[in-house]
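Protein chains: 2
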Amino acid sequence: MRELFEPASVAIIGASPDRTKVGNIILGNMIESGFQGPLYPVNPRYEEIMGLRCYPRVTDVPGPVEMAVIVVPAKAVLQVTEECGQKGVGAIVVISAGFKEVGLEGAVLERRLGELAHRYGMRVLGPNCLGLVNTHHRMNATFAREGPREGNIAISSQSGAICVVILDWAANINIGFSKFVSVGNKLDVDEGHLLEYLREDPFTKVIGMYIEGTDRGREFLRQAELTTRVKPVIALKAGRTSSGAKAASSHTGAMSGSDRVYDAAMRQAGVVRVGNIEEMFDLLQAFSTMPLPQGEGVAIVTNAGGLGVMAADACSDNGLTLASFEPATVERLREGLPPAASLYNPIDVVGDADAARYDHAIRTVMADPNVACVVALLAPTDLVDVSSVARTLTAFAGASPKPIVTSFVGGKEMLASIEMLKAAGVPNYPSPERGVRALAAMVEHRRNLEREEHQAVTPVEADRAAVREVITEVRAEGRLQLSESEGKRILRAYGIRTPEEGIAKDLPSALALAERIGYPVAMKVESPDIAHKTDIGGVVLDIDGPEELERSYQVMLSRVHEKLPRARITGVSIQRMVRGREVIVGMVRDDQFGPVVTFGLGGIFVEILRDVAHGIAPLDRNDAERMVRSIKAYPMLAGARGKRPGDIPALVDVILRVSQMAMEFPELEELEMNPVMVGDEGMGVTAVDALVTIKGEQQ
Amino acid sequence: MRELFEPASVAIIGASPDRTKVGNIILGNMIESGFQGPLYPVNPRYEEIMGLRCYPRVTDVPGPVEMAVIVVPAKAVLQVTEECGQKGVGAIVVISAGFKEVGLEGAVLERRLGELAHRYGMRVLGPNCLGLVNTHHRMNATFAREGPREGNIAISSQSGAICVVILDWAANINIGFSKFVSVGNKLDVDEGHLLEYLREDPFTKVIGMYIEGTDRGREFLRQAELTTRVKPVIALKAGRTSSGAKAASSHTGAMSGSDRVYDAAMRQAGVVRVGNIEEMFDLLQAFSTMPLPQGEGVAIVTNAGGLGVMAADACSDNGLTLASFEPATVERLREGLPPAASLYNPIDVVGDADAARYDHAIRTVMADPNVACVVALLAPTDLVDVSSVARTLTAFAGASPKPIVTSFVGGKEMLASIEMLKAAGVPNYPSPERGVRALAAMVEHRRNLEREEHQAVTPVEADRAAVREVITEVRAEGRLQLSESEGKRILRAYGIRTPEEGIAKDLPSALALAERIGYPVAMKVESPDIAHKTDIGGVVLDIDGPEELERSYQVMLSRVHEKLPRARITGVSIQRMVRGREVIVGMVRDDQFGPVVTFGLGGIFVEILRDVAHGIAPLDRNDAERMVRSIKAYPMLAGARGKRPGDIPALVDVILRVSQMAMEFPELEELEMNPVMVGDEGMGVTAVDALVTIKGEQQ
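Listed in order, the protein sequences are those of chains A and B.
Quick note on this note's numbering: the first sequence kicks off at 1 and runs consecutively.
Quick note on this note's numbering: the second sequence kicks off at 1 and runs consecutively.
Some hints here could point you the wrong way.
Put simply, identical chains are the same to the list, so a pair is met inside one copy or across any two.
[Claimed, not checked] Each computed SDA-like pair below joins lysine to any residue, with the alpha-carbon atoms no more than 20 Å apart:
hint: 1; residue 1: Lys21; residue 2: Ala74
hint: 2; residue 1: Lys632; residue 2: Gly602
hint: 3; residue 1: Lys100; residue 2: Ser342
hint: 4; residue 1: Lys21; residue 2: Asp385
hint: 5; residue 1: Lys632; residue 2: Arg260
FYI, nobody ran anything at the bench for these hints, they're computed from the structure.
Every value quoted in this text rests on a predicted model; they were computed, and no experiment measured them.
Work out the full structure: start from the sequences and follow the hints.
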């Protein structure tokens, strides 16, 4: 990565004197940015470009070449890459398009490019990218029209157009960058690598990422988790809704639409996720210019009550609290403000407030220990001198120990003052809500910084041989879906309690079994062909005695036979009835993030209200506890309206066991325990049903 | 109202030659706006101001005065108002502050001002307001620095500062107004009056309102309901979260935090509600400049895939659908676009798209019958000529039969083009999401236009005498809270079914009663002092026979006695057990909107998930049906996972009866039926419990 970001020497392969060519723009950008090392244009058709000696091939360059930017047509890329390898180039940036993004043929070409680079040990950025910038190395190896100025934001973008959008926005708002990376098709270098590098980069204060998809999702998460402990990572994930939920064979599957998984993954890794590009800009601006808040309390200073109310609403929407001031603060405010002013949060310095009044109010609340950050609002009332207030606020840029954001709300009257704030580096927003949102993101990041380290969970003793045996048996029969009793064997192998039960082949043995287990019992049809037994009447609960069992047995079998005449029925299972609150615990394998553990309350809560929590395995105890607490219906488990609390530690334990199982057995494709009965505190939890799907051997 | 908005002659009482005085600015604004009628400055200290003859008192003015603007100190307002009355002025605009907003003394002054104006039949705008503008009458009677230009937006604002913010924003964005009204303390003229007037105003195309509170909530709703059938009303309600939920004696009360009631009220009236001032601006811009969409399908045209994905995500978030193009449309697109273009929605015209390509794509999709509106997106890629695309898009301003919004995303590179779009009247937004949100609001308004007329519900026959009897009895005992059986008498008087039941004073009569009703029964403690019987163990369900009843009776009474030793226990009620899905139907009286009917599923759904629907009485059948369908858990009622659907028509009927009861008996303060059991289709619904509170006689 050093060769990519800080090369001592660079070759531009495909450099051109034609000003309309990308190879010309990149060379020009390299020169203009003031790159310090030797720069070698490579193109067999020219001897000199822009006053630099041009070489026919990279291998003809006299000195060493640490990094090469490749801008030749796709079909010539392999050839010049081969030459780069021979030359001993450390990293290549493939600007050229015409690879994976254009279809199968391009994908083949891209794979061969990867193999070639790998053989020579070269890192590859791209192909199909805009290039990269390292302002502190004075290197602009992109073909963007607008070169970024120096600053502390690092950007990675999967879309070239979004790169350009961000550069153009930044030029307007007076924001600078440390690194700017267009990752293109991500043949080699991707967000995971970048996070690893940027984490240690002293010039980078905040990282912004535009992501469309992740191939190495788990590695991205691992790197993000480490990085967010050091500096904020803000991610915009596009394609939230178009991806659609994949066809799923269980509720757990349907619940895990990839966007929800992304959300869970980002949260687990401490990444601040934004919903759109404007929000990304807003947050980058605040993180770039202001210190982190050291607490949670917000102080609002306004010259218009209406704006203050809007900001207070926004605080509440964003989970921020308005600070309560110390008596001394209120006293000091009173001394410096007119009688009509409101001295409590939001502080109304009244419509005719001048710069001195703003200054007094802001400095006073900043000195209050309960205030962690400040929002200063201004409406262009008749009596305010907007620009003198703006000038006063610029004093808080850079020097302020607590973050302050401003919102000068209006238009024409405000333009000059807004420019002044921009130039000084005070984050200003066109509405109070956007300013508050930016502060909320800073508070969120600070909370993330305080989260406990990911703690390796001591794995439980598991009877792995028993799990392997079940998998082998099922595969031997050419099946991928386990019967309920097979699924439960796997659960028990991991120490997850299942109800006392047995399988009966006929009515007399069902009666004998029920007698042994003790009434009341539940009876379920046992069949490898039936996933959702309840839907077809294959479950009878609360059977109180032998007569009821006999009656139910006949009714159930004829009902099942009627609905699914071709299902193979291998018997009925007789289970002891288990009491408790119904929850669902499940696991699916996500293409990008691997095993995702899901939890929710049973029935309607999961199926209709989608009140579920996801976690990416391996989970630690904090993760699992957070999952349980995060569902809206959590009060039902914790004991609402005089009910006793459920056995939440035992439930957390089951979630952790599922996480461990998913990590240890990649063969398990999908698992759902529905319901798991959570007993009262100390009474444990029991998985009453299990639906398990495994992968075929071929995979 | 005509005298207010279109006065033939205006007096400025408190006019001044001192340029720092409000009375000077208003007179200046009136002159500058080109007011056509006679203008009379009134001030005993001057003979002439700004070249106009000044009169000591309004009664000294020679000709008639239709409207007077009052800018004298608060303590002089009554005097000049008296004189206005004597002069026969039709409407006064009281700019002066120092009334209700400063406390009790001001409130008294304000009430006297109201009485005085009422005696003379004068309309009052304000006090404590910024004034008003009618651009088409060439009248700017405000003291705002920035005079609005002529246009088709009418604004009403309860905050002077927000008025100024809107004017300043509009000046920057090239947006004009028909009417601009600062309502101040709303002593007389309020949003309801304004809606009534603006509905008929031919110069007003869209109405924007900033509201902090409503005194005449029901009248506002009635006027809004009528107005939104003619033109869009966009409302920003501030103070969403600060108001807090009032202390409530039932769940229904706690559920009806005033913001949720506002939300229900606005939806019922067809008002488009926005969450912040920026969104208000965004929507006004689109409604002001573009025609309404005649359908729902959105077409997206972009030169950058990433932006297209963002817009598609936003469509999905906002409930808009991407249009599917006709084959002919795709064919035409293919002819005019390069091979790399994407011809399906979102249409990617590729990074090097020129103006002609945008023009071709937009005109082609606009001709498609499945397309109702268009979003055009542009990133400042290296090869695009931003300003020529902008110029092409200006052709769609004014002339387009279908609405189009644009989003030129970026910053510096875009500024000139954005100005061009502004000047032409094409609504442009800094992010795709904001453009899509504006279109979504237009679609929402169009859907509202199509809603059915409010249909008066034929009132059911009710035994009103019985209700009055209960109320009289309860008041006679000095109580406000009804016992369960008293509550149920009221329900039965309105034809709401309650379970067969009786009250027993002791165990033998309880046993006899249960025998007569038939087991299984439920038993509940009967006491005027206990609201939530379940919480203290005062309810036993599913009693199967006399022994169980006897046992439960003893246990229940000792439990209740232990928990609430001082509660008067008047007996137990024995009820037939009723089966069905549990729902809650309730009613509370809101300070601003009157009776609010609430509906939700029982237990956790209401208490924890807050999955409830509100409706402002009187409801029509459509309202009630919408309420039932709008809760998230609706599928549980409609029959999910093979369960039979519930009796929804009967449930709707009960909701309508509660609405009628609330209208006919203002004495009913609060009512909650929890649970109401909804039987299977055709089986009806039964109110199992009733909690009713009435107002004291004094009120």
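Hint by hint, here is what the structure shows:
Taking the closest pair of Cα atoms, lysine 21 and alanine 74 come within 20 Å of each other only inside a single copy of the chain (15 Å); across copies the shortest separation is 72 Å, beyond that limit. Taking the shortest alpha-carbon separations for lysine 632 and glycine 602, both the intra-copy value of 13 Å and the inter-copy value of 16 Å come in at or below 20 Å. With identical chains, the CA atoms of lysine 100 and serine 342 are at most 20 Å apart between copies only, with a shortest distance of 16 Å across copies and 61 Å within one. In this homomeric assembly, lysine 21 and aspartate 385 come within 20 Å of each other (Cα to Cα) only across copies, at 16 Å, whereas the closest approach inside a single copy is 50 Å.
For the identical chains of this complex, lysine 632 and arginine 260 are neighbours both inside a copy (15 Å) and across copies (19 Å), given an alpha-carbon limit of 20 Å.
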